[in-house]
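**Q** So the sequence shown is numbered by the working numbering: it starts at 69 and just counts up by one.
A couple of the hints might just be wrong.
Result set (DSS-like, lysine-lysine): computed pairs, CA atoms no more than 25 angstroms apart in a straight line [unchecked claim]:
hint, residue 1, residue 2
1, 128, 148
2, 128, 108
3, 77, 148
Quick list of simulated restraints, FRET-style, between CB atoms [stated by the list, open to error]:
hint, residue 1, residue 2, range
4, 119, 140, 19 to 29 angstroms
5, 106, 75, 35 to 45 angstroms
6, 74, 119, 40 to 50 angstroms
7, 83, 126, 39 to 49 angstroms
8, 73, 105, 29 to 39 angstroms
9, 75, 119, 37 to 47 angstroms
10, 121, 83, 33 to 43 angstroms
11, 154, 111, 28 to 38 angstroms
12, 128, 87, 30 to 40 angstroms
13, 104, 82, 19 to 29 angstroms
14, 95, 120, 28 to 38 angstroms
FYI, nobody ran anything at the bench for these hints, they're computed from the structure.
Here a beta-carbon is modelled for each residue, glycine too, at the ideal position from N, C-alpha and C.
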Amino acid sequence: MGADDYLTKPFQMLELAARVEAVLRRTKKAETEFVMGDLKCDFERHQVFRKGTAVECTPKEYELLEVLIRNRNIALSREKLLDMVWVGI
69 MGADDYLTKP FQMLELAARV EAVLRRTKKA ETEFVMGDLK CDFERHQVFR KGTAVECTPK
129 EYELLEVLIR NRNIALSREK LLDMVWVGI
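Use the sequences and the hints to build the structure in full.
**A** Quick look at the structure:
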């Protein structure tokens, strides 16, 4: 009836928070770039720049960086990162 995710009990609060963040990201207009100091990450072009120069990254390195940026201020376990980047949850 419109649900796109669920958690089974018992669940951890960090898992719930991460999933709520993911749903909110999907339902609102996503940010197109992230800038911090001299680092810029362009989410639409999948490119990273430092001091205006493109930084070469593998697809997995970029994906991991994007997951970490989009989930900043959220503590993610190694297992959650593996799920989000390598499995694609």
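**Q** Please go over all the hints and tell whether each is borne out by the structure.
**A** Each hint tested on the structure:
Taking the CA atoms of residue 128 and residue 148, the gap is about 15 angstroms. The hint holds against a cut of 25 angstroms. For the hint linking residue 128 to residue 108, the alpha-carbon distance of about 18 angstroms falls within 25 angstroms, and the restraint holds. For the proposed pair residue 77 and residue 148, the alpha carbon gap of about 17 angstroms is at most 25 angstroms, so the pair holds. Distance hint check for residue 119 and residue 140: the Cβ-Cβ separation is about 21 angstroms, which falls inside the suggested range of 19 to 29 angstroms.
Separation of residue 106 from residue 75 is about 39 angstroms and conforms to the stated range, judged on CB atoms against 35 to 45 angstroms. Our hint of 40 to 50 angstroms for residue 74 and residue 119 holds, since their Cβ atoms are close to 44 angstroms apart. Between residue 83 and residue 126, the C-beta spacing of about 28 angstroms breaks the proposed range 39 to 49 angstroms. A hinted range of 29 to 39 angstroms holds for the C-beta pair residue 73 and residue 105, which are about 34 angstroms apart.
At roughly 42 angstroms, the beta carbons of residue 75 and residue 119 sit within the given window of 37 to 47 angstroms. Separation of residue 121 from residue 83 is about 38 angstroms and conforms to the stated range, judged on CB atoms against 33 to 43 angstroms. Between residue 154 and residue 111 the CB atoms are about 19 angstroms apart, so this pair departs from the stated range of 28 to 38 angstroms. Range check, residue 128 to residue 87: Cβ separation about 22 angstroms, and the 30 to 40 angstroms hint is violated.
Against the hinted window of 19 to 29 angstroms, the Cβ-Cβ separation of residue 104 and residue 82 comes to about 23 angstroms, which satisfies the hint. For residue 95 and residue 120, the Cβ-Cβ distance of about 33 angstroms falls inside the hinted range of 28 to 38 angstroms, so the restraint holds.
Checked against the numbered hints given earlier, the structure breaks hints 7, 11, 12 and satisfies all the rest.
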